[in-house]
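Number of protein chains: 2
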Amino acid sequence: MGYKVLNWSELATDPINKLSLEIVKEGLEASNPYLSVLQTLSKVSKQIEKYSNIVVIGFGKASYNMALACEESLIERISGGAIIVPHGSVKSSALKKIEVLEGTHPVPTELNVRSVRKVLSYVEQLSKKDLVVCLVSGGGSALFTLPAEGITLRDKQEMTRILLAAGPTIQEINCIRKHISAVKGGQLAKLIYPAHVLSLILSDVVGDDPSSIASGPTAPDPTTFKEVLNVFERYQILENVPNNILNRTHLGLEGRVAETPKPNDKIFENVTNMVVANNMKALTSMAKKAESAGLKAMILTSYLEGEAREVGKVIAAIAKQIVREHLPLKPPCSVFFGGETTVTLRGKGRGGRNQEVALSTLIAIKGLQNVKFVSFGSDGVDGNSDAAGAIVDGTTFQRALEKGLYPNKYLEDNDSNTFFKQVGGLIITGPTGTNVNDLSFLIVLP
Amino acid sequence: MGYKVLNWSELATDPINKLSLEIVKEGLEASNPYLSVLQTLSKVSKQIEKYSNIVVIGFGKASYNMALACEESLIERISGGAIIVPHGSVKSSALKKIEVLEGTHPVPTELNVRSVRKVLSYVEQLSKKDLVVCLVSGGGSALFTLPAEGITLRDKQEMTRILLAAGPTIQEINCIRKHISAVKGGQLAKLIYPAHVLSLILSDVVGDDPSSIASGPTAPDPTTFKEVLNVFERYQILENVPNNILNRTHLGLEGRVAETPKPNDKIFENVTNMVVANNMKALTSMAKKAESAGLKAMILTSYLEGEAREVGKVIAAIAKQIVREHLPLKPPCSVFFGGETTVTLRGKGRGGRNQEVALSTLIAIKGLQNVKFVSFGSDGVDGNSDAAGAIVDGTTFQRALEKGLYPNKYLEDNDSNTFFKQVGGLIITGPTGTNVNDLSFLIVLP
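In the order they appear, the protein sequences are chains Y and V. Heads up, the first sequence is in the numbering used here, so the first residue is 122 and it goes up one at a time. Heads up, the second sequence is in the numbering used here, so the first residue is 122 and it goes up one at a time.
If you are wondering where the hints come from, they were derived from the structure by calculation, not from laboratory data. The reader is advised that the hints may include incorrect statements.
[To be verified] One-sided and incomplete, this derived list gives chain V residues near chain Y with beta-carbon spacing under 8 Å:
(1) L421
(2) I439
(3) K441
[Claimed, not checked] Cut-off 25 Å, straight-line C-alpha distance, at most; resulting in silico cross-link-like pairs (SDA-like, lysine to any residue):
(4) V:K487 x Y:Q357
(5) V:K171 x V:T161
(6) Y:K451 x V:L448
(7) Y:K417 x V:I420
(8) V:K347 x Y:L526
(9) V:K487 x Y:T465
Because the structure is a prediction, the values reported are computed rather than measured. Every residue, glycine too, gets a C-beta built ideally from N, C-alpha and C.
Produce the entire structure from the sequences given, and follow the hints as far as they go.
In structure tokens form, the structure reads like this:
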């Protein structure tokens, strides 16, 4: 069914812990790929009822559960299709009409290229009376790999290596990726045209830019071959770029190979990109849950970034202000944060971004009454641990000391999971089959 | 007069820059020591009108300007007094009745001890009909140094060295400081008793705990000699502690030297500790100014901590949420932050906490329309630069690139001041004579 019931650790006796975990559950339900696709298809049912032939394609970690929802609501009208999932991630398929193909992740191989060709075989001969539902989720960029004509997989890999060493922005990397691919940067939409496209996107990209998620196969690409050359020059890597890629760039500059489709291209009249779930949707559901329990709720950001241990200090600073100044909210209240922090490894412990934010926060809220903080990864897998995240409060520090554990020592060693295993507070959900990044919240009571 | 007019750089043409700088000015006025003491004395004038003999003492970087305000409002009733300022900081005094003494800062010397004895000579023979106004500000802990009986200045210095190497918390350090001092941890209040004390405190401590500011000479001390010993044992430094300090600790444990005065001590019936200015007061004035200009205003925290470059990312994450989701506020709006971030030096550039937060923020808000961010030190001196801070927006990144400057490179080298000198945006106030920590804010327009 694609929906996982949560498997909590021993925390659920305290009523605020209980509420906290209900809020976590709400966040996971709101980002559940199966439920999200079901809801979205029901919302657009009027607009798509005219299509009697529907083809479903997809790529990404959540595409199997998203495909299940498509068959659930559209089975009669689906003529076929195929999705690409990470190798080994779907043991046996319950899908009746949609084929399950595999690809390697995160490094694409010939397996991926074969799978992409198979997917394309379903959509290339369609008419404007047909609809392609395209399921996009995290990991899709690697799984949906098909180099442009004249480019080899080896060229792409070499290019990736050179780019990572040079350190361009993610926008610059995407610009190049799209121009050496046969399907990215809106080119899939072009191949499908004149059939219509409904892309259902589960976003694991902060900000949800459709041209960034899986390198935007059905979204217009405003970038050009000119910018590809600019990036090569800006980072002084022109001489290292593989010949095939350099040749293609020059052909592109001379107009001898086609540009990626631009925003004003007529093909996009037939394309609808819809985000079915993202960080903000999860935060909104969680905030509603908090409100229904009588807490004021504020969504502070869904763009959270920064080193986990430092982000924890800022979150604690907000908690202190609420406790001591009743600003920006008066308790009982809650503040929600979403996004993706970073952990720069210093030690060799076990843990992840969410547990490390929680560990840093508990140190900074030491002794503060009536404050809870929860942080968890929506995918259920935080770093190299088997937990999704952790729940902490102003008493956690003292409880740790009483067990002879020094929180700062565990933070120094990136060993948050080992810490919480001993002190309590781990949130364990198992892999949730979704990914809308990390979700966290403060609760402050009067 | 103690009040400094701001000396802006070339930014004031853009109307939002202009408003931003007016908000900065508001923050500086609200934390001005002279004005703050004047306002407070006028507020308590009824309560102190019964005292015909007032002695003014003080210590800290702002004590001269605070003393000027005392003479301004109480001159007729002041019989005398003395303040301790950093060596060389007051060239010529306009004070008529209050003596200006000097001490070294941050490392106390015999000069400080002589000055403290002189200050005490003004307050030790008073009666319960007299009032001592005690002016406390940043730097006061070092300036107001008088070791307890049997302890030498050398012992104190050695103890400080050992503590810094062992890495206890600031609370633990203060516990020890108070128990090896003759005046800290409420002991000054005890020496003044039965005369009454009105302590006017300019707080540079996040959270304003009166027992922390200048080690709380007129505030009760809940810590004990037992805890001193606990700290020595916890950090395994018992064998390194100077003999005189160990002896005093044991005498204290045996009740043979007096504990610091505890919260229920009757001497505190005669003591009033008032914070005349702090970070929150400055933020509140700034937020009011923003509101009067038509911006919604939210004070998010006055407890901001964390590595400057990471804090900048979190501030940018909040800006993005406002621009894209209109949450937690709808533009036009402003969000205020106060506290003290940290800079871990990696490079060898010129800059400070505030300029580095601003540099990190401008990188993360690159391209974002209608966002301004300002961060500045209320003391007017950010790090090793001659600026107080900087103002940035979504166009600063592009302006830097056009000048051939890569913002990330300057951030990497802790060279924020050099960056802003070339790109523009420095806020230069000169030393302001106050310190209520750092102040910063976002403005987002529709």
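Evaluation of the provided hints:
no.: 1; hint: L421; result: 6 Å, holds
no.: 2; hint: I439; result: 5 Å, holds
no.: 3; hint: K441; result: 4 Å, holds
no.: 4; hint: V:K487 x Y:Q357; result: 23 Å, holds
no.: 5; hint: V:K171 x V:T161; result: 17 Å, holds
no.: 6; hint: Y:K451 x V:L448; result: 18 Å, holds
no.: 7; hint: Y:K417 x V:I420; result: 17 Å, holds
no.: 8; hint: V:K347 x Y:L526; result: 22 Å, holds
no.: 9; hint: V:K487 x Y:T465; result: 24 Å, holds
Checked against the numbered hints listed earlier, the structure breaks none of them; every hint is satisfied.
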